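Novice: Using the sequences plus the hints, can you model the full thing?
For the sequence shown, the residue numbers in this note's numbering are 10 to 119.
No wet-lab data here; the hints were simulated from the structure.
Certain hints may be false.
Derived CB-CB ranges, DEER-like [claimed, not checked]:
id : residue 1 : residue 2 : range
1  : Arg50     : Asp73     : 35 to 45 Å
2  : Val115    : Pro21     : 36 to 46 Å
3  : Thr96     : Ala15     : 17 to 27 Å
Taking lysine-lysine pairs in the DSS-like style, the calculated list, with each CA pair at most 27 Å apart, reads [to be verified]:
id : residue 1 : residue 2
4  : Lys13     : Lys104
5  : Lys89     : Lys27
6  : Lys32     : Lys104
7  : Lys71     : Lys32
8  : Lys89     : Lys71
9  : Lys104    : Lys89
Only a predicted model underlies this, so the values are computations on that prediction, with no experimental measurement involved.
All C-beta atoms in this analysis are idealised placements derived from N, C-alpha and C, irrespective of residue type, glycine included.
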Amino acid sequence: NNRKIAGVRFVPVRFTPKSSVFKNEECGGVNFIVTDRARFRPLQAGIEIAVAIRRLYPAQWKVDDYARLLANAETLAAVKRADEPETIMRLWADKLSEFRRARSRVLLYR
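Specialist: In structure tokens form, the structure reads like this:
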């Protein structure tokens, strides 16, 4: 919430998973509450979250495990360095604009 990401707020939660590596262990987490769908930018929120996790838990978070999902080595390196989220998003701003232009021609709903 300190980063004031538009359209979303974060609420701490405690829970006990019924399966996974942490089965039957109390865990801490965060609920995301989208407060304004029109202003919420999931990509920005994801980068903000990744950088925050990297800064809070640099040794524990196995960021390399996400390389295949992210599919962008430059962005992964920037997250590893815990660069500012704005800096990371500028890395692919041009390509994102190109994608949005191309996508706009085939959107069923606007």
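Novice: None of the hints should be skipped; say for each whether it holds.
Specialist: Verification of the hints:
1. Arg50 with Asp73: 35 to 45 Å: 26 Å Cβ-Cβ, so the 35 to 45 Å window is violated.
2. Val115 with Pro21: 36 to 46 Å: holds (40 Å)
3. Thr96 with Ala15: 17 to 27 Å: Holds, at about 18 Å.
4. Lys13 with Lys104: holds (25 Å)
5. Lys89 with Lys27: The hint is violated at about 31 Å.
6. Lys32 with Lys104: violated (41 Å)
7. Lys71 with Lys32: holds (19 Å)
8. Lys89 with Lys71: Between Lys89 and Lys71 the Cα gap is close to 10 Å, so the pair holds against 27 Å.
9. Lys104 with Lys89: holds (21 Å)
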